[in-house]
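**Student:** Here are the chains, one letter per residue:
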Amino acid sequence: MIERTPWLNLVTHAILFTGLFILVVPIYLVIVAASQTLPDVMAIPAKLLPGDQLLVNIRAAWEEAAFGTKFTNTMILPTGVVVGKIVIAALTAFGIVFFNHRLRMPIFWMVFITLMLPLEVRIVPTYAVAANALSPFQTILDVTGFSWLINAVSGIEVALEWNLLNSYTGLIMPLVATATGTFLYRQFFLTIPDELVEAAKMDGAGPLRFLWDILIPLSRTNMAALATIMFVVGWNQYLWPLLIITDPSYGVAAVELSRLVPNMNTTGGDIPNWHWAMAGTLIVMLPPVAVVIFMQRWFVRGLINTDK
Amino acid sequence: MADISIRDVRKSYGKDEVIHGVNLDIQTGEFVVILGPSGCGKSTLLRMIAGLEDITSGEITIAEKVVNHLEPRERGCAMVFQNYALYPHMTVADNIGYALKVAGMPTAERIEKVKQVASSVGLTEFLDRRPGVLSGGQRQRVAMARAIIREPEVFLFDEPLSNLDAKLRVQMRHEIRRIHNRVKATSVFVTHDQHEGMTLADRMVIMNKGTIDQVGTPEEVYNAPATTYVAGFIGSPAMNFLPGRVLASHAAVVLEEGSSLPIPSQAAQTMDGKLVQIGARPEALSLCRPGSGTLTATFEFYEELGSEGLHHLKIEDVQFSVLSENKMRLDEGTQIGVTIPQEALHIFDADTGRRIEISDPIHAIETA
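Protein chains in written order, with our numbering: chain Z, 1 to 308; chain S, 1001 to 1368.
Think of the hints as simulated: they come from the structure by calculation, not from any bench.
Incorrect hints may have been included.
Facing chain S, from chain Z, some residues (calculated, C-beta under 7 Å) [said to hold, decoys possible]: (1) Glu198; (2) Lys201; (3) Asp203; (4) Ile216; (5) Leu218.
Derived pair list, reagent style EDC-like, types lysine to aspartate or glutamate, alpha-carbon separation capped at 16 Å [stated by the list, open to error]: (6) S:Lys1184 to S:Glu1030; (7) Z:Lys201 to S:Asp1025; (8) S:Lys1101 to Z:Glu157; (9) S:Lys1327 to S:Glu1300; (10) S:Lys1065 to S:Asp1025; (11) S:Lys1314 to S:Glu1303; (12) Z:Lys201 to S:Glu1071; (13) S:Lys1274 to S:Glu1256; (14) S:Lys1065 to S:Glu1153; (15) S:Lys1115 to S:Asp1128; (16) S:Lys1314 to S:Glu1257; (17) Z:Lys201 to S:Glu1053; (18) S:Lys1209 to S:Glu1017; (19) S:Lys1115 to S:Glu1151; (20) Z:Lys201 to S:Asp1054.
Ideal placement from N, C-alpha and C gives every residue a C-beta, glycine not left out.
Starting from the given sequences, assemble the full structure and let the hints guide the process.
**Tutor:** Now the structure itself:
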């Protein structure tokens, strides 16, 4: 329904501009604060025009928070999540859509249910697993009595352990195992005409060949969309890294940023370094923004599925 | 050598049986057209030959080898699909050469072969393009080339021309026949278009609700349709049907409104009293003055077909049409006579719909 009356136009534009204002002003304030000296930032009334200290502050923030290593870590995390996610999502969706077996719907629903259990909800059990990734197997062995049996027969006590705390694997794995990607891929695979599958069969391509030669190239835009979303999600991870990383050499930017924000620990009660914190915020914001801007075209195409 | 033999093949989806025990032998190098309306099971049969559909029971052999449990790629068939099913992300050359790539042919050899096949179907200048920018006819050619390049023993066509416009369809039809004459591979072509069937086929298979009604050359099928179904399906405009009863005393079939169509007395003797359907093709009939023909009908309307005209008549409540070069226009409701030559009659059992042969040689006359 499209209505065009002057009044409605006015109202809609008013709402639009309010929204824009709410979105843009905080970012503007970040830029302003990041470009001023400390006295200017603290001045009352606040100075709302940018100063000339932007590069100085950025350098200071970079060194203060040791963003050098943090950025490497922060690149490894989303990259790992993106790659892992795409591989798992494509394979799971492939199995669910193109093979006719009895477990296909149960598997799909099991994957789907994980949408309702995001990491934040299951963070305690996930932590327990990350502390020893083999503990579920240990439990199975203990409950079924195999541990006892092995112990009785060979005298070896079964104690499986694989600690994922303070490791990239631990950072990445729990974020990979979610349903969004599988769901997106499934929807895409469902749009592939049956005849294409059959043509590939007639041409002699087996399932893996079909996946590699036909589906993967066709799903490029889909992949780009998923990569964009997952990169941003991975980059912005805060709670999970905060929880499992205690070794600063594995720290990620989002967590480190919080350490720049003034509190008793960072300033020891001194005047808080807001200008550095804001400069740090700018630095941390840039990579996801760049990715989104760069990937925008494919991202939209991937989500609306027109490139076929 | 790749003759196809289909032995009592059935197909069920759950409890619904869609193919009810089909038997068919296709000779090496033969061009067989499977014809029938949508839902008659013709595509399912083709897909079972291709290996894209499981065979519920029965047996299919290709070149004397039972293929029931072979993968499509192991059956030596190539298939052309209705929507072409080209790989949208590959160039025309890659599309054509994909099967060879999968088979592991060296790149240089493959490219050479692709060029050769592409030039044989007139695609040389399009090799670098994607299917998305090609016209329907060109896509069709790519689909053909993709099948030809594998040098298969069997070609399967699943309504490949139905997405083309009328002119292109005729053109591609000729193209397919030319290719068949050149490569001489066994071909099975599924269509619902009787013109495609008549023009392409060495032999036609007419399917109806999951069974085969008739197998024969186009002439046989046209001249001596085995059932009322085949008779009504083949031929355009469609055959006329009139219900009647055989009376030996008249040596004729007596129609419901009273007029009688003479048949050989011997035939009339053997089926005295039988209820039949009389079939007569519009092109075998002619118009005459009321009272002077075989029967009298009421004129309804006229259709101009260019070289001829189609007169729509009514006898009692039965629709009836006569194709004639005589383009006279009559007023609705006018009485008019129709002449039905005895040799133009097809007689079908009213209960079973099966053809009753009265005297064979006569039917050869109407071929023209």
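**Student:** Quick check on the hint: Glu198 of chain Z CB to chain S CB, less than 7 Å?
**Tutor:** Check passed: Cβ of Glu198 of chain Z comes within 5 Å of chain S, closer than 7 Å.
**Student:** Decide if the proposed pair is consistent with the structure: Lys201 of chain Z and Glu1071 of chain S, CA atoms, cutoff 16 Å inclusive.
**Tutor:** holds (8 Å)
**Student:** Are the Cα atoms of Lys201 of chain Z and Glu1053 of chain S separated by 16 Å or less?
**Tutor:** holds (12 Å)
**Student:** Just to be careful: measuring from the Cβ of Ile216 of chain Z to every Cβ in chain S, is the smallest value less than 7 Å?
**Tutor:** violated (10 Å)
**Student:** When the nearest CB of chain S is found for Leu218 of chain Z, is that gap smaller than 7 Å?
**Tutor:** Nearest chain S Cβ about 6 Å off; hint holds.
**Student:** Against the 16 Å threshold, does the CA-CA distance of Lys1209 of chain S and Glu1017 of chain S hold or violate the hint?
**Tutor:** Judged against 16 Å, a Cα distance of about 10 Å means the pair holds.
**Student:** Less than 7 Å between beta-carbons is the criterion; does Lys201 of chain Z satisfy it with respect to chain S?
**Tutor:** holds (5 Å)
**Student:** Compare the distance between the alpha carbons of Lys201 of chain Z and Asp1025 of chain S with 16 Å, and conclude whether the hinted pair is satisfied.
**Tutor:** violated (25 Å)
**Student:** Assess, step by step, whether the Cα of Lys1327 of chain S is no farther than 16 Å from the Cα of Glu1300 of chain S, and give holds or violated.
**Tutor:** holds (14 Å)
**Student:** Would you check the hint for Lys201 of chain Z and Asp1054 of chain S, treating anything up to 16 Å between C-alpha atoms as holding?
**Tutor:** holds (14 Å)
**Student:** For the pair supplied as a hint, Lys1184 of chain S and Glu1030 of chain S, is the alpha-carbon distance within the 16 Å limit?
**Tutor:** Measuring from Cα to Cα gives roughly 8 Å; hence the hint holds.
**Student:** Please work out if Lys1314 of chain S and Glu1303 of chain S have their alpha carbons no farther apart than 16 Å.
**Tutor:** Measuring from Cα to Cα gives roughly 15 Å; hence the hint holds.
Checked against the numbered hints given earlier, the structure breaks hints 4, 7 and 8 and satisfies all the rest.
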